[in-house]
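Fit chain B to the given chain A structure using the hints.
There are 2 protein chains.
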Amino acid sequence: MGQAQPLVEIWRGPICESLHRGHAAIWDARGGIVAAWGDPEAVILPRSACKMIQALPLVESGAAREFGLGDAQLALACASHQAAAVHTDMVSQWLGALGLEAETALRCGPQEPRDRAARDAMIRAHKSPCQIHNNCSGKHSGFLTLANHLGGGPEYIDLDHPVQRSVLAAFEGVTGEISQGTAIDGCSAPNHATSVTGLARAMASFAAARGSGNARDKAMARLTRAMAGHPHLVAGEGRACTNLMRAMEGRVAVKTGAEAVFVAIVPETRMGVAVKIEDGGTRAAEAAIARILVGMGVLDPAHPVARHYCHGPIRNRRKIETGYLKPAEGLADWRL
Amino acid sequence: MGQAQPLVEIWRGPICESLHRGHAAIWDARGGIVAAWGDPEAVILPRSACKMIQALPLVESGAAREFGLGDAQLALACASHQAAAVHTDMVSQWLGALGLEAETALRCGPQEPRDRAARDAMIRAHKSPCQIHNNCSGKHSGFLTLANHLGGGPEYIDLDHPVQRSVLAAFEGVTGEISQGTAIDGCSAPNHATSVTGLARAMASFAAARGSGNARDKAMARLTRAMAGHPHLVAGEGRACTNLMRAMEGRVAVKTGAEAVFVAIVPETRMGVAVKIEDGGTRAAEAAIARILVGMGVLDPAHPVARHYCHGPIRNRRKIETGYLKPAEGLADWRL
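Chain order of the listed sequences is A and B.
For the first sequence, counting from 1, position 107 maps to 107 in this note's numbering; every step adds exactly one.
For the second sequence, counting from 1, position 48 maps to 48 in this note's numbering; every step adds exactly one.
Isolated chain A, as found in the complex:
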């Protein structure tokens, strides 16, 4: 594997305090790689940044249509939500409509809500986090819907379950690679390795889909539209995915993943972007994807969201500005 490239600097006063290195690639569905940083052939786990791929069989198979899923539910199937009431209410209703009891059907494990109001309400009620609060509970609701359609036992996260077999086939199809390994994600679902280029290529496939082709083309176009049209369902208030998609007003779908993966789907240029920060630092993945989207001309550099993710500032406990983020040389001035 080649060297990761410095992508984001963290400054505090006159000192460059920390530095994040990484890999990134932009793939044009009509022409291959158009830009790359670090080693675009680096093998990574996409983690939650591939949730739209994991949701592909749900739509492509006809399961979403069979169960009458709307775009909001599909956005939630692609989400790392923060368990605000809007998210958990939707998951409850969705699983209820399938005739399932959430806590016995889900296999994602419990997680404390990241949404502050939901968290505080839970603590005040002396309740414990449930699986429905897991940031992946929408994805798992999608898996359960697909399981209902395809058949198979209740362990829908097993690698040989029809659900996961169809996910792997979709994953290898859109990345254009045989996966080099499978790991278990934080939510217990399988997560398949790909190169950074493979992940960018997959995002470009979504970007190029126009909804007028085969079942996969239709499914990809619908999932991109669902994500870009429901920024608050894909993450939540204050989160990077939500803020970035709102700032781009439905033109682009973006998704973060654990250990500092970030992807973007840019339909207007049929391009896909994948970023992986070598060290897993989320702040740097957010900065790098924001700066790349600025360089691609789809995020206004003067927008407060672009300035926030590309440049900080970093404030301390008294809200004093103590430092800032800065895209490193090689990314700072890049233009497509």
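Do not rely on the hints blindly, as some may be mistaken.
Identical copies carry no separate label here, and so any pair may be met within one copy or between two of them.
What the hints assert, rightly or not - Listed next, the in silico EDC-like pairs over lysine to aspartate or glutamate satisfying Cα-Cα at most 20 Å (straight line): (1) K319 with E103; (2) K127 with E249; (3) K127 with E321; (4) K127 with E103; (5) K326 with E177.
FYI, nobody ran anything at the bench for these hints, they're computed from the structure.
Below, chain B without anything else, positioned relative to chain A:
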């Protein structure tokens, strides 16, 4: 500045998912550098890892004696505590004894308690975090005690306040370097730059102090003893500093700092250690310092704490083991 060296790998299933690079140095008070990784001349901000240096003037000046501070209070002055009741009660009593009202006297800013019980109690009481809950409130209590002794206005965090002038003099004295720059820390106190070697040299000075020499020697020996003897005051239950010091049973003092700094004071060999992970990833600083302490022969590799910080495991929301940490080549087999 030279290249950071791979120090810690994060594995998930068959994939090395993330990699942390960094710098580290071990200084022997009797012989200079005895081991180094990455670039030991890299200039860093030590952040909270230099709290024992920031507490030096408190003891050295006689202020600690004047106000009858015990070792427990000195440990708290060196702490990044998590605002458990034991920590905040001590800060309240300390400032009360000085005749100060905590929230008007402190300049560290409010912070939500990291201690789960304290946090939940605060939320249930519909209260907001105060400055007393700031992880640095013990350090600031030390500053206020020193300000009482030295004189100066209430803005004891200003660079030209007698408190901070004495801190800078102590810092440059024990690091053996003129600081290359000053930034503002998360708690609004000045934080001075040094090289990794300078920070290791400072820790070696603490390690070599026997309490039988001049005022500085006595102060350093007392602060090391205070920290190593009160692991739960320096951080809190479940935290790396506390766990590591307990595992070494008072033989070694350790301290973490934001952006992945970690230091150790090893009196029995008169050695000091400083680690800085380039990307600011705390998990890697914890792993690196633990592995170095194992290699120095002061942390038993078979102790559960050593195994935990050096090797993981990483568990998911269902407590399934999904991966592990691993010291990288060059650190994994290192012995002093």
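What hint numbers does the structure not satisfy? The structure breaks hints 2, 3 and 5; every other hint is satisfied.
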